[in-house]
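Protein chains in written order, with this note's numbering: chain Z, 4 to 412; chain L, 4 to 412.
Keep in mind the hints are simulated off the structure, nothing from the lab.
Model, not experiment: these values are computed from the prediction.
There's no promise every hint is true.
No copy is singled out in the list; a pair is fine if it fits within one copy or between any two copies.
Lysine-lysine pairs mimicking DSBU-like chemistry, simulated, CA-CA at most 35 Å apart [what the hints assert, rightly or not]: (1) Lys33 <-> Lys375; (2) Lys170 <-> Lys246; (3) Lys213 <-> Lys246; (4) Lys213 <-> Lys297; (5) Lys37 <-> Lys213; (6) Lys170 <-> Lys213.
The lines below spell out each chain.
There are 2 protein chains.
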Amino acid sequence: MPVNLTAPVASSLHPVAGVRIGVAEAGVRKANRKDLTVFLLDEGASVGGVFTSNRFCAAPVQICRERLDAGAAVRAIVVNTGNANAGTGEDGLARARQTCEALAAQLGLQPDQVLPFSTGVIMEPLPVDRIVAGLPAAITDAQPAHWARAAEGIMTTDTVPKAASAKAMVGGVEVTITGISKGAGMIRPNMATMLGFLATDAKVDQAVMKQLAFELAEGSFNRVTIDGDTSTNDSFIVIATNKAANAPVTALDSADGQALKEALMGVARQLAQAIVRDGEGATKFITVQVEGGKTAAECRQVAYAIAHSPLVKTAFFASDPNLGRILAAVGYAGIDDLDQTRIDLYLDDVHVAVNGGRNPSYREEDGQRVMKQAEITVRVNLGRGSASDTVWTCDLSHDYVSINADYRS
Amino acid sequence: MPVNLTAPVASSLHPVAGVRIGVAEAGVRKANRKDLTVFLLDEGASVGGVFTSNRFCAAPVQICRERLDAGAAVRAIVVNTGNANAGTGEDGLARARQTCEALAAQLGLQPDQVLPFSTGVIMEPLPVDRIVAGLPAAITDAQPAHWARAAEGIMTTDTVPKAASAKAMVGGVEVTITGISKGAGMIRPNMATMLGFLATDAKVDQAVMKQLAFELAEGSFNRVTIDGDTSTNDSFIVIATNKAANAPVTALDSADGQALKEALMGVARQLAQAIVRDGEGATKFITVQVEGGKTAAECRQVAYAIAHSPLVKTAFFASDPNLGRILAAVGYAGIDDLDQTRIDLYLDDVHVAVNGGRNPSYREEDGQRVMKQAEITVRVNLGRGSASDTVWTCDLSHDYVSINADYRS
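Whole structure, please, built from the sequences with the hints as guidance.
So, in structure tokens, the structure goes:
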């Protein structure tokens, strides 16, 4: 059961001027399943992306990177589920290109104006014929109001579609932001990938889009972890359709740039956190906040050590305030000159460890009370500086093992 | 159920001249349990040790490091289970010292000739009175033939005692090697630590002992992983009693040094692998062998990425030849210039992936056959050099979650 996460209400997702979305059933892997989604962008959109750091990256990721780096004027995005087109070599690249060519031909575009995304089983050939055959239906279906449909269309083994939407003021003008994401742990049996698509009608210079996507990912999708596995297909795309009346954002550190980024970040975080809330077997949503570090990077390092520790994660599952496991994870996070006698640890408002030892006033029942909650904040103070960082994760339950140990069906 | 691991037969463990071992029931945490073990060494033993890299290291670890670094003439080792004396600050150091002082007084030694070891619950005060009260019985019990008893005496939640023994020729003289270990995953509920004690009667110069312990750990205890968690108390001690008639080993790269190291390594590996075989919830013993790297370090990095991946580990539990998960782990291991088109993957003798893609001649039933075995070798060739390294691990099962999610009892 996802942790405090329900399907989005379609009417709560604001359409973004300049974006139409269509979904179809192409039978990529299974019949009668929405498995093909297209985003059609009006001319003039600015687009940025961030992709998996996995060296074994999928064919569509390679093509997206190449096209965005070359400054392609993106007009369409095509997403299939059921097949990740990863570990498929040259043939996989050719098939991803074929998909783009087919969509481009039907829309009167150049192939490099189409970005492809795939998610599903690894190391099997992409059934490009079935995908191409499904494109006309997806194009016909395209509507600005279809965000909730798209959130469903990109699901693989997610149990809940994930979408979020907001309005914000940028330079005195109201802009709209809507996005969707998918992912539920890194991989259910053979099903990979976290995908995120975020669009705004704000005017944003193409020149800042790559950096914008990077900074947004750093504060959202790059701060969530289920099991520490990094998929071959992870992608996050940010679109600014330039339809709103704001003065174009040309620098992220301008007042307008900051206002826009903050608003986008709010939605990106909801989308990223939704993935954790729907994490494989998750029963708890955990915020790991590390402060008092010399650098944000070392805080992150400690936060990930805690968030990845199977022992910490099983303790959360068991609602066991097992302080030793958290402190041990802090200790092995890799900060060579860490002084254990300066570490403080809190579970929500409960101060459990002080100067690296048990807080004399800590009572087990207080820790127990917090550990029983569905949402918990672990706060660690390293006592060596003023930097901080935060990571979101979930617990490790029996269901995680069941889900991932099921034989591929 | 441990994987191909049974309790040692006491008579198969050769006594090591110059070492007597005694075990007692001190009631550290629970009554009627062998929880206190002493090793008594004749005068003139050479001793080296390697300890946890966890910055949150336990009080006894700090004291052992200090004494070995100061060149103490070690004559006794005291090990308690039931309490790790970790996260206990200055008070914990004082209690560990008290234990050593009490044992030293009873044996007519200086306190710094005693090395203390503790394993068990974290962040609770060491019950030093009960330990001290148990020492006379442990001393009275001391016999050269008590290795199997000691293997039991240092167990916490291990399901099987772990010991190994061998004879070898060093410089034309037969020497004896016997050792014990404990650990079963990093931590069962609150129970931490891997401990290893290895003794030989060979003559070895004290000057090479630290390096010897380091090199042995690098080839054994530092190459096993259950869940990637590093305990606060991990310790590995090597003792050479200097009772044998061999010419003293004064350099590890001499012929005698190499012969001795190889023999010690064989026993150390058995002890380290026994910990994986008895890993929490383990149903499979996995050897991850990475070759074709530029350096051994990068091979190790890839091997650990595979060995720590919850997705890979659950696939082993399910006997699912899920190649994508292994290749994905290779891809995110952190080698920035890795070329995915050069990766080959084998499961035992089955060549599953070639040049980063599925081997055309690979049949799922062959992978399936290997995955069903209790012992499996995963071999990855990175195709970029001639270095290699190996790591041993186990699968991730329902029982791992059950064991670690049980509330501390």
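Consistency of the hints with the structure:
no.: 1; hint: Lys33 <-> Lys375; result: between (39 Å within a copy, 28 Å between copies)
no.: 2; hint: Lys170 <-> Lys246; result: within (14 Å within a copy, 81 Å between copies)
no.: 3; hint: Lys213 <-> Lys246; result: within (19 Å within a copy, 69 Å between copies)
no.: 4; hint: Lys213 <-> Lys297; result: both (28 Å within a copy, 33 Å between copies)
no.: 5; hint: Lys37 <-> Lys213; result: within (30 Å within a copy, 63 Å between copies)
no.: 6; hint: Lys170 <-> Lys213; result: within (22 Å within a copy, 64 Å between copies)
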